[in-house]
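Residue numbers (this note's numbering), protein chains in the order written: chain A, 1 to 57; chain B, 1001 to 1222; chain C, 2001 to 2222; chain D, 3001 to 3211; chain E, 4001 to 4211; chain F, 5001 to 5249.
Any given hint might turn out to be false.
Residues from chain D that keep clear of chain E, each with C-beta distances beyond 12 Å, as calculated [claimed, not checked]:
| hint | residue |
| --- | --- |
| 1 | S3021 |
| 2 | N3036 |
| 3 | G3103 |
| 4 | D3162 |
Only pairs whose alpha carbons sit at most 20 Å apart, straight line, appear in this in silico PhoX-like list of lysine-lysine [unchecked claim]:
| hint | chain 1 | residue 1 | chain 2 | residue 2 |
| --- | --- | --- | --- | --- |
| 5 | D | K3163 | E | K4163 |
| 6 | F | K5052 | F | K5119 |
| 7 | D | K3163 | D | K3117 |
| 8 | D | K3082 | E | K4023 |
These are computed hints drawn from the structure, not numbers from a lab.
All C-beta atoms, glycine included, are put in the ideal place defined by N, C-alpha and C.
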Amino acid sequence: MSVAEFFDMGGYALYVWGSFGATALLMIAEPIILRSRRRSVLKRVARIIRMKAEDAR
Amino acid sequence: MFEVYRAILMRDLTLALRRRSDVFITLFFFVVVVSLFPLGIGPEMDTLRMIAPGVVWVAALLSSMLALERLFTVDFDDGALEQMLLAPQPMFILVLGKVTAHWLITGIPLVLMSPLMGLQYDLSGNALLVLLVSLLLGTPALSLIGAIGAALTLGLRGGGVLVSLLVLPLSIPVLIFGAGAVEASVSGLGEQGHLYMMGAILVLALLFAPLATLAALRISAE
Amino acid sequence: MFEVYRAILMRDLTLALRRRSDVFITLFFFVVVVSLFPLGIGPEMDTLRMIAPGVVWVAALLSSMLALERLFTVDFDDGALEQMLLAPQPMFILVLGKVTAHWLITGIPLVLMSPLMGLQYDLSGNALLVLLVSLLLGTPALSLIGAIGAALTLGLRGGGVLVSLLVLPLSIPVLIFGAGAVEASVSGLGEQGHLYMMGAILVLALLFAPLATLAALRISAE
Amino acid sequence: MLEVVELECMRGDRRLFTGLSFKLEPGELLHLHGRNGSGKTTLMRTVCGLIRPSAGEILWDGEGIWDQGDDFNRDLVYIGHKNGIKDDLNGIENLRICSVLDGVQINESQAWDALEKMGLRGHEDLPARVLSQGQKRRVTLARLLTHDAKLWVLDEPFTALDKAAVEFLQSVIRDHVANGGMVILTTHQEVNLTRGHPKQLQLGWKGEGDV
Amino acid sequence: MLEVVELECMRGDRRLFTGLSFKLEPGELLHLHGRNGSGKTTLMRTVCGLIRPSAGEILWDGEGIWDQGDDFNRDLVYIGHKNGIKDDLNGIENLRICSVLDGVQINESQAWDALEKMGLRGHEDLPARVLSQGQKRRVTLARLLTHDAKLWVLDEPFTALDKAAVEFLQSVIRDHVANGGMVILTTHQEVNLTRGHPKQLQLGWKGEGDV
Amino acid sequence: MSSRILNWFKFSSPATFYPLAGRIGVWSMVIAVVLIVVGLYMSFFVAPTDYKQGEGYRIIYVHVPAAWMSMFIYLVMAFWSVLGIIYNTRLSAMMTSALAPTGAMFAFLSLWTGAFWGKPMWGTWWVWDARLTSALILFFLYLGYIALQGAIDDTRRSDRAGALLVLVGVVNIPIIYFSVKWWNTLHQGATIKMSGEASMDPVMLWTMLIMTFGFWAYAIATAMSRVRSIILERERETTWVSELPEVRG
Ligand code: HEM
Ligand SMILES: Nc1ncnc2c1ncn2[C@@H]1O[C@H](COP(=O)(O)OP(=O)(O)OP(=O)(O)O)[C@@H](O)[C@H]1O
Ligand SMILES: Nc1ncnc2c1ncn2[C@@H]1O[C@H](COP(=O)(O)OP(=O)(O)OP(=O)(O)O)[C@@H](O)[C@H]1O
Ligand SMILES: [Mg+2]
Ligand SMILES: [Mg+2]
């Protein structure tokens, strides 16, 4: 089976890759979004804690 | 207890009559949706007859959803709702009273109007009857289910869409059986099965929806 | 003057964004109406293609009418409207700003969504384009015309129906030309005539509707 | 008897008060003080059971208010910032529907009486929509005259009232307390409620919202 | 200069007042008195041009207010029973949009200043929805600090304010009057506005709404 | 037995659950990646071509797992909601809202891939048939939940409102399922369902199962990661958060 044949998927390329592509896209994007969310949450929490410490002083 | 139910019912009916326009808004919407279709589609009777059950029922669902927003927000905004929550009366009854009034105001006119609408689409006498019965069973269920969504979204930003978004998936079965019953009767199949199912949904909704609504109201009034 | 227009526009857009879901109200309703019809009607592509222009346009008209209610009532209830009437700014601009914001929030998403909706009904590429253009011309006209009704309803408690009845005949031409344009394009006739008419309606509405709205607001605020 | 034990209330991420305790016996009046935003309304709504506290307990006759359902509600009247009357109903209708909900059905002539006492003669059958701000408040407060609840929770009841009405309401409150009722009240106006031996409670020591 | 000539106002089929005339010169304050429902709000809204009087005239600098369009509005601030602020916007945004409408654009730091002066420090960026009754009123009143209009029409501005805020607002009003501004004001509370040499006007001699 | 219950309550405290969630999350992600890579290899290179649908059938390896997960996640959310209402634990609401976006994503994917399957097989992207309608309704339920959560800023209210909504929705699921089926008998179905042949090729079956477990582990991993962010956001005022190494570092 050649590479071209593989990508052609017996004529169903659009459908197969459309499905797998969308799935891959979303399932890769979600962890990335989650990671950036975690970063920003951490930043915010750290800022709050710093502000508190300053207030205490 | 019945006293309180009656009082709430009468109160909401009086309020609706005072504002007059509110009584008609759902009905008006229903009539407009149903009547505009032939205008957009053209006068082919066959097409019309075919789409009639869907159109009428979709219109009923939408107009019922439309009116929902008003169900609790007015009382919420002017503080009457918190007074109800504090009243030494079973809140279940109050909710039931309000939903009943809402149905009488928005549902019944629609039910009564439906045969006329059906005529526009050239439905047979039997199909018209089935349409009327299905709406009679379906609209109270829609009101009951919708009340949950209305209560949950009380006072939230963008209440309107949220209500529709929350209520829509819950009411689709009613739509499907309602339209199904009429379609079955149009195409000569038996409509009883659908109607029984609608009865069952109505009973279920009567039992559980007020409880859920009540819980939602308590959450929202905080 | 442009400053004030911008400020009002931004204010209403911000408010809409704050409520987040409010941006979607019309869009959601539109999508639901358009998508529910096949549910009621069944999946025959031929029927669907035939009714598509009517369905999409009726849905657009209805969702636009739906959203109108909010246009002034919120400002009226919390007293912001009387402050606007007292502001040393041409009220014409304020009304125009509010209507523009309203159209950007409710009309534009609907226009952008319409090709997707058309696809559901298996419309051709050209028909989709005509659908989009007709909505682009038609929805602002609907917003402008509807604003008159919205302003009148603020004051006339009992007259809500009357106002809807008043506004509806004014919007029906838009509906007819809009659906007509798409239908003409589906059936291969020229759609230009219809689109020109819609453009003319839009220009007329732009010139006169804000004035009428303004007068109605003054009456209602008393 | 009302007992509040170690109450804590959060709004958003702000802790309004914590460890708040007090007791209110029959014949006592509690006057809440506090700056704007110090949490008076929040406290009152919590005491009524409209807001669930994030910690602490509220006991009515020794039992938690969340456990006894309607018994507590029967003994309670709450009048808040919002009037809770319907704009499209007139005074009589508003009062009568309230009384049904309160479980103390009154007939029409009693309703007329109560409204007349509240100084609404000649306006009883106007829809609340056209009433002036103070007249609306009077319709709301007329409930106090028809109700026999023991605990009154009044959130700025004097707003929008003219002097005569303030005077009258004060006497109503004094009578209620003298007859063994309980009142929790807040107001920013100077009032004269000495006959009820008012307890005072100050909220918001954190100095929020100074001017 | 504001001049009211033989004004008559009807509400429903009720004549609230008739033949009412007064003048207000720069540096003067008019304190409206009257029972609930005597027509104070109606009079103020009429003076602002929100209600058309059934007879009589209102002149601003010698010209009828209905004839001069925006000129009068530019010189006017009206603060009514309703706050007119948007629940979904925070204090800063509310104030800034008001200022654009008033035609006196302020930048963000000016808005922060005004709100801080009104005692809203720490609450500036909360949506008005979650503010307490008094805090909402403060946001509304912050407009007075950013505006340079000559005529202030204030309908019960002190409602819901705590003592410190009442004190502050009084001083703001006194300053405005001292600087040649004009104020029409009504309130049922005891206030101390002597520095402005207040004129007094009593509405509703018909004895409506007694208690 | 009782010590078990005690343990449960211990883990229902956000402070103890937070590090545990971290560990579970990492391991699930590893498992997910391994399973999905293996699953992908098998679905393209091991599984045979379908005799009826040709290569196009390979969509099944994402379509079916996504559809299954979308339904399963909703049930898990319902489970957490019940726990939250009964025991009033803070964690359960956080779990519910952590699961919802992943559930919605899978619901969307099942619709999307289904549509990409339907086009070559039935000649249309969309048909109002029982399965598809109920999947769409499920998607709406997720969206409704997420929208509701987004619209409420008071966390306690959003927790309780969300739990109520999920439960109301779950009551609806069997109704939808049966009702839609019934309705479907009335109009001609264009449905070509593969599952009619119980004798599915074992390699195909295995591939599908591996993908399903991969998706499953993925869902756990994302939910854990999301719940950790939610915990941090909600507990930011507490001392245990301020003592976390990742916060101080
Ligand atoms: C040629 C087209 C399709 C085929 C052959 C197909 C096949 C399948 C199969 C084999 C299953 C597993 C069913 C089971 O194990 O019982 C399934 C499930 C599912 N499919 Fe499809 N599908 C197709 C199109 C679609 C489309 C267009 C959609 C939606 C847009 C869709 C949505 C779903 C859903 C929601 C499920 C899970 C429901 C369940 O398992 O009961 N499918 N499909
Ligand atoms: N979501 C929220 N986020 C932050 N703060 C909030 C939130 N909701 C309420 N608050 C704050 O909680 C307080 C509520 O106070 P409350 O309404 O009980 O005040 P009050 O004592 O009755 O004041 P007033 O005298 O003005 O009526 C206000 O300071 C308000 O800003
Ligand atoms: N449509 C109507 N029919 C009859 N009376 C009306 C109508 N509209 C208003 N009124 C009366 O007009 C008066 C309006 O008074 P207004 O609101 O100006 O009072 P106010 O002096 O501001 O009182 P408050 O101190 O309570 O604010 C009220 O007595 C009200 O009952
Ligand atoms: Mg308060
Ligand atoms: Mg007044």
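Verification of the hints:
Residue placement check: D/S3021 keeps its beta carbon more than 12 Å from all beta carbons of chain E (closest about 23 Å). Interface exclusion of D/N3036 from chain E breaks down, the closest Cβ pair being 3 Å apart, not more than 12 Å. Against the 12 Å criterion, D/G3103 stays outside the reach of chain E, whose nearest CB is about 28 Å from its own CB. Distance check on D/D3162: its Cβ comes as close as 5 Å (rounded) to a Cβ of chain E, failing to clear the 12 Å threshold; non-interface status is violated.
Taking the CA atoms of D/K3163 and E/K4163, the gap is near 18 Å; set against the 20 Å cutoff, the hint holds. Proposed proximity of F/K5052 and F/K5119 is supported: the alpha carbons are some 15 Å apart, at most 20 Å. At most 20 Å may separate the alpha-carbon atoms for a hinted pair to count; D/K3163 and D/K3117 meet this at roughly 15 Å. About 36 Å separates the Cα atoms of D/K3082 and E/K4023, which puts this hinted pair outside 20 Å; it is violated.
Violated hints, in rising order: 2, 4 and 8; the structure is consistent with all others.
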